[in-house]
Amino acid sequence: MNAPLIVDGVTTSIRLDGQRHDVVRDISFQVAARETLALVGESGCGKSMTALSIMGLLPAGIASVSAGKIIVDGIDMVAADETVRESVRGNRIGMIFQEPMTSLNPVLPIGFQVGEALMQHQGLSRSAARAKALDLLEHVRIPSAARRLDDYPHQFSGGMRQRVMIALALACGPKVLIADEPTTALDVTIQRQVLALLADLQAREGLAVLLITHNLGVVASVADRVMVMYGGDVVESADVKDFFARPTHPYSVALLAAMPRIDATEGPQPIPGQVPSLDAMPSGCRFQSRCHLRQDVCSTLPPLKPVAGNPGHQVRCWMRGDT
Amino acid sequence: MSLAASSGPPSRRHSRLTRLTRSMGLVIGLAVVVLMIVAALVAPWIAPFDPDDQDVLLILSAPDATHWFGTDAFGRDVLSRVLWGARVSLYVGFVATALGIVIGSAIGIVAGFYGGLIDRAVSASTDILLSFPQLIMGLLLVAVLGASLTNLIIAIAITAVPAFIRMARSSALAMRERDFIDACRVLGYSDLRIMAVHILPNSLDELVVMASLWMASAIRTESTLAFIGLSVPPPTATWGGIVREGFDNLLDAPWLALFPSLAILIVMIGLNMVGDGLRDATDPRAAT
Amino acid sequence: MLKFALKRLLLAIPTLWAVLTIVFVLIRIVPGDPTIVILGDQASEQARADLREKLGLAKSIFSQYIDFMWQIAHGDLGRSLATNRPIMSDVLSVLPYTLELTLASLIVGTVIGVPLGVLAAEKRDGFADWFARVFSLAGLSFPAFVSGILLLIVFSLKLRWFPVISSANLVDPIERLRALVLPALNLGLLMVAYVTRVTRSGMLKALGEDYIRTARSKGLPSRIVVWRHAFRNALVPVVTVVGLYLGVLIGNAVLTEIVFNRPGIGKLIVTALNQRDYTLLQGLMVVTAFAVVLANILTDLTYGLVDPRVKTE
Amino acid sequence: MTRAPLLDIRDLRKTYRVKHGWPIARTSHVRALDGISLSVMPGEVLGVVGESGCGKSTLARVALRLQPADGGDVRFDGVNVLAASRSELRQLRRRMQMIFQDPSSSLDGRQRIIEALGEPLRVHGLASGASLRPTVARLLDEVGLPASALDRYPHEFSGGQRQRIGIARALALGPDLIFADEPVSALDVSVQAQILQLLGTIRATRNLALVFISHDLAVVRAFCQRVVVMYLGRIVESGDVGEVFSAPKHPYTQLLKASSPEPNPAKKIALSFQEGEPPSPLNPPTGCHFHPRCPLAVDRCRQEAPVLRMVAGQGAVACHLTETG
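In the order they appear, the protein sequences are chains S, U, B and P. Note that the working numbering numbers the first sequence so that position 203 is 203, with each residue one more than the last. Note that the working numbering numbers the second sequence so that position 160 is 160, with each residue one more than the last. Note that the working numbering numbers the third sequence so that position 154 is 154, with each residue one more than the last. Note that the working numbering numbers the fourth sequence so that position 132 is 132, with each residue one more than the last.
Pulled out of the complex, with its shape left as it was, chain S reads as follows (with noise of 0.2 Å):
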């Protein structure tokens, strides 16, 4: 069977003042029902733009995927038109979003908008959506969702918004959600709350998870595989414990240094210098401006390869994976 979720060499491009800038080149990747794959990079670097590239949202007359497949649930979404894409959207796939506090529209009660997907996608009439919507509430988990269904988003915290925003996502119990920093904003015990309802969600549902994170504490906590970009390309791609057991490229080893910890004797190791801007991206290897490996070689764009014989755990850089 086919994994609900297939990106296959899709490119993302943006025109800024006439001129194209790949904000993600050539990235491939599926995700199987149940499993959770985390993208993971600090801003920039093209992680989200993926995830709009997947929904089709990205921002019209300024980004478009200008090469590639993504298929959601059998769909091709970069071929297919807008009706088509409007039918798989809150459909088959659903998204939640980092600022909980601004991604529900203040002037809807909280039961209609998680219900509103079910009326265009299923056609269900307001009260079959209202009735359907209160199942998903308390499906997330919300505190008396009866009496909740007709409350507006500022009467909620913060981590209540989320889960209202899951409900949502999940109304019409797609295949596939991507998550986009869905616990940035919140703090740390309500993050944990938030990550325990998504995975046991998934869990029962056998959902397909894109989680999109800057945090590899939340990597390690949820995900099975991760995906590590930096400037718009794949540098390292592994299972989770393979990951973290032998980070290989030489910013994913930075970039887990930076990390402070609470149980290191050692402060956090600072990574150089600043992820390019678009117009100074240099050619080929994008991190070759801050690494301390780098070689004449490293101008021209190395391949992923494996690590150790390990087909599943690939690297992108010329002085590091196997030859």
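No incorrect hints appear here.
Straight-line alpha carbon distances no greater than 25 Å define the calculated SDA-like cross-link-like pairs of lysine to any residue that follow: (1) B:Lys205 / S:Met101; (2) P:Lys19 / U:Ser125; (3) B:Lys123 / S:Arg20; (4) P:Lys268 / S:Asp242; (5) B:Lys7 / P:Val18; (6) P:Lys268 / S:Gly206; (7) B:Lys205 / S:Glu99; (8) B:Lys3 / B:Ile297; (9) P:Lys19 / B:Leu2; (10) B:Lys3 / S:Asp150; (11) B:Lys7 / P:His29; (12) B:Lys205 / U:Asp280; (13) B:Lys205 / S:Gly158; (14) P:Lys267 / S:Val188; (15) P:Lys267 / S:His214; (16) B:Lys123 / U:Met24; (17) P:Lys19 / B:Asp300; (18) P:Lys19 / S:Thr102; (19) P:Lys19 / U:Val122; (20) B:Lys267 / U:Leu250; (21) P:Lys267 / S:Gly267; (22) P:Lys267 / S:Asp242; (23) P:Lys268 / S:Glu35; (24) P:Lys267 / S:Gly312; (25) B:Lys123 / S:Val78; (26) B:Lys123 / S:Leu16; (27) B:Lys267 / B:Phe24.
Note that these hints are calculated values from the structure, not bench results. Bear in mind that the values here come from a model prediction, so they are computed numbers and not experimental data.
Following the hints, complete the assembly by docking chains U, B and P onto the known chain S.
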């Protein structure tokens, strides 16, 4: 204004053409306004006739080669009167707006910066003053004070002050939310310095935009009052006054009302274009 | 809802009181002796003293103030200096005309302005947007008397579609409606300009919000995203502006009434000014102030309906 | 104690009035600081950790007199900060500074860097005229920015660089103590480590004391010597960073630690579903604020607020259960 430039998703960009037409609006608006001001300044030299010179033989004559805009009920040259009228209208508009902006923004910034009791008192009074329609307020003030150039300016400035207070106050309030005002206080700057060196310059964009829009509004109020008969007493030419004379002879001599009306309209459009253009140029959000 | 309305009405009392006080003070500082204005400067001292007594001007300023407030509290605006008729009945006889004019222009403004603004925001930088910009620029630039005169010249003098004097025959409902068209358009033009602008910018802001992305992520078609999700939010500033410009509308109604020679509060104000009828002027100011305060209350109540955050905070 | 603390805060209280309701507002009270006591030694780095709404930012703002306190005492090097006169306060400003979370909002976008950093020097008469530029250039050099930055505007810099400028501004007056309110929270991990390293170097060379406010336990662990943990306006635990985080004694600190994910699959956070949200600060629970979420709560916790008591070692805990045990 472009503080968030380096991070975040790319904001929507405009085509070159769109941006060009936007700034064209500003340029055209500025050109119109400057032209009008120049015309008003040099009116004594370029006006073909004395604006108060009556010619009983030429009452309500239609526009021709000598009297481009025709003549009025007293046989006065309308073109000359429109040119001289620009002096009154633009002067009143400019001075009243300047007074309004200086007084209003000073009070507004102080109220917004200190908050508390001062702020509540100021806000309550502006709310009350704003509950009179601007025109009615101007009307009442001129009626009470008597129609003269100074009183006209005072009356219009008074109607402008609460609006500027409100704007400067909200601008100062928004700024107080930003950390740099706290940073200033931690660095031991005096309140006066914070208001004058940090809050005022950061409010200036908005104030300038509003000033250009308000100048249009002030000129409109002046001409409206003149139309009702509450401006500088005759025979001094004012735009609104000439329109009024034209209105009284609308059936016989429609041109009499037409030309000063167009003059008012052109200045209004010019100033509004300047205001819009400046807003687009200074506030990236409104420009989108 | 009723509770809000009552609370809001209570809140309006201090504002109203302050506004009335300003009216009182302004009318009292009119230079010159009103008795001379009324009786002329040839009048005898005795006649003037009698009139002063009659007008209540002989009392202290404080008791005049009390009387003023007391009368207003009883719905009495006093009598006109010029005609000696009760001001309230004069006002009531013309009020419907002003109300129908204001209401009609409000409808014109909303019915044209809202869709135009939404369309302009949706098709940003397109033709609709350009048209909306030019149209609202024009609307904002016309002083009401200028646009009124131009409308008269074109539609009444040249095309002869509508009567020049709008008050010619106001008994026949069809004629009355026909007489309303040009004045309502004239006043509505300004409203269209304001409403278009604020709708457009409100929509642009709303369309850029995160919840729009959420709505689209649900697979809603853009029509629903625009009207149900964005417009519901853009409505909040629209209501504010409509409420705020009711005051401007009232001011411009004065001009429209003069230009189209319609009966109404505006014409009455000008009459009072010309005749130096200060009690009438005072009464009219009181009525205007009441109207504006009432408009503000209505705006606030609508606000509560449109924005759930207001009432459930 | 042999040395006197540089900063000594005793029983500091701050209550906000919050208006809500429409159209007639009701007033509620939020106790942002409910009797906070702590001290900082010269050259020491004290971490203040807690979740949003616990009052940690208010602490800095009240101690710096950006907001008035409602009670308590703040002494800096023996001077009563809360009662300081205008001129005393001006002197204090030179010695107590602040670094803000959001470097883009804490800089005046209309000021070039030379003006932003030169202004405090001029206002306090530390440099002027010809000496201004070299002094500011030295400051920039100290935070790792080139002198070419002098004539540029804040928006021309990246987030990390702007935070460096914010640090340079805080250093301009040569302070002894800096409050750093979430100074690295807005930054990417790699840049965060750069800024932490910079702060560490500056602290060591200038012998600065720092009050480091953060929600991130790991950052506090990496950067601070001592830590206080706050919950709804009160300190629940304090002590040496290593001790507190390796063996937290207060159930809230334990929850915080258990919830903080580590980049190590062997130490993944347990995704057990523990319900309960931080209660609204508008209406905090009676007794110990944490009792509704505390798995160990007994009746006493619901009625009586525990006081912060010294426990074995250097730490202190505000929990009834540690008292008896």
